[in-house]
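Please take these sequences and the hints and turn them into a complete structure.
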Amino acid sequence: MANDFVMKGGKTIKTVIIDKYDSTVTDNYWNLFLQVCETIIGFDTEWSYVSAGKDDRMETRIVLLRFCIETCCLIVKLTDDHRVLEKLGSFLCNKGIVFAGFHIQKDLDKLQKMYGFEVRNFVDLNHFAAKVQNEPLLSVYGVRELTRFFFARGFK
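Going by our numbering, the residue at position 27 of the sequence shown is 27; the numbering climbs one at a time, nothing skipped.
Wrong hints could be hidden among the right ones.
Pair by pair, the computed Cβ-Cβ distance ranges are [stated by the list, open to error]:
#, residue 1, residue 2, range
1, Asn31, Glu118, 13 to 23 angstroms
2, Asp56, Phe5, 36 to 46 angstroms
3, Lys20, Ser139, 16 to 26 angstroms
4, Asn31, Asn134, 33 to 43 angstroms
5, Asn28, Asp109, 44 to 54 angstroms
Within a straight-line C-alpha distance of at most 30 angstroms, the following computed DSBU-like cross-link-like pairs (lysine-lysine) qualify [said to hold, decoys possible]:
#, residue 1, residue 2
6, Lys54, Lys106
7, Lys110, Lys20
8, Lys131, Lys110
9, Lys54, Lys110
10, Lys20, Lys87
11, Lys20, Lys131
12, Lys77, Lys110
13, Lys77, Lys87
14, Lys113, Lys131
15, Lys110, Lys14
16, Lys106, Lys87
17, Lys77, Lys106
18, Lys110, Lys87
19, Lys11, Lys77
20, Lys87, Lys14
21, Lys87, Lys11
22, Lys77, Lys8
23, Lys95, Lys113
24, Lys54, Lys77
25, Lys77, Lys14
The hints are simulated quantities; they were obtained by calculation from the structure and are not laboratory data. C-beta atoms are modelled at their ideal positions from N, C-alpha and C, and glycine is treated no differently.
Okay, structure coming up:
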């Protein structure tokens, strides 16, 4: 399922949700991300509580992955479909891509534990900002706080 959104400046952003494997659709969008030659891809996850077994125990799991480039956002619903997981695994370990996001170390650790995915190249933007600006407090900021910080203060 794909939707196009026209942004204020006239640029169109395509949003695609992959919730089951359809070789044509799935392969086309994975290939789009690889062919656009974007070396940095925005990365985010959504967590949820799910049942962990017969004893009604609940655990947190990553249920959605979001990948964004300039013209497209790909939302992948994590299922047990090995075909989607295979594509996802090879995409995440691609040496030519840097995944960028906020507080992503915990997400990457969870993906490693849940699926064995290993992300080779990533940048945790809040830690990067803290280091570049020499302001340790920025490492705990989220997207909104970090944006406010830079726009209120200006960029160095």
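Now for the hints, and whether the structure bears them out:
{"no.": "1", "hint": "Asn31 x Glu118: 13 to 23 angstroms", "in the structure": "holds (22 angstroms)"}
{"no.": "2", "hint": "Asp56 x Phe5: 36 to 46 angstroms", "in the structure": "holds (40 angstroms)"}
{"no.": "3", "hint": "Lys20 x Ser139: 16 to 26 angstroms", "in the structure": "violated (38 angstroms)"}
{"no.": "4", "hint": "Asn31 x Asn134: 33 to 43 angstroms", "in the structure": "holds (41 angstroms)"}
{"no.": "5", "hint": "Asn28 x Asp109: 44 to 54 angstroms", "in the structure": "violated (31 angstroms)"}
{"no.": "6", "hint": "Lys54 x Lys106", "in the structure": "holds (27 angstroms)"}
{"no.": "7", "hint": "Lys110 x Lys20", "in the structure": "holds (22 angstroms)"}
{"no.": "8", "hint": "Lys131 x Lys110", "in the structure": "holds (25 angstroms)"}
{"no.": "9", "hint": "Lys54 x Lys110", "in the structure": "holds (22 angstroms)"}
{"no.": "10", "hint": "Lys20 x Lys87", "in the structure": "holds (12 angstroms)"}
{"no.": "11", "hint": "Lys20 x Lys131", "in the structure": "violated (40 angstroms)"}
{"no.": "12", "hint": "Lys77 x Lys110", "in the structure": "holds (15 angstroms)"}
{"no.": "13", "hint": "Lys77 x Lys87", "in the structure": "holds (13 angstroms)"}
{"no.": "14", "hint": "Lys113 x Lys131", "in the structure": "holds (28 angstroms)"}
{"no.": "15", "hint": "Lys110 x Lys14", "in the structure": "holds (28 angstroms)"}
{"no.": "16", "hint": "Lys106 x Lys87", "in the structure": "holds (22 angstroms)"}
{"no.": "17", "hint": "Lys77 x Lys106", "in the structure": "holds (18 angstroms)"}
{"no.": "18", "hint": "Lys110 x Lys87", "in the structure": "holds (18 angstroms)"}
{"no.": "19", "hint": "Lys11 x Lys77", "in the structure": "holds (26 angstroms)"}
{"no.": "20", "hint": "Lys87 x Lys14", "in the structure": "holds (20 angstroms)"}
{"no.": "21", "hint": "Lys87 x Lys11", "in the structure": "holds (28 angstroms)"}
{"no.": "22", "hint": "Lys77 x Lys8", "in the structure": "holds (28 angstroms)"}
{"no.": "23", "hint": "Lys95 x Lys113", "in the structure": "holds (20 angstroms)"}
{"no.": "24", "hint": "Lys54 x Lys77", "in the structure": "holds (24 angstroms)"}
{"no.": "25", "hint": "Lys77 x Lys14", "in the structure": "holds (17 angstroms)"}
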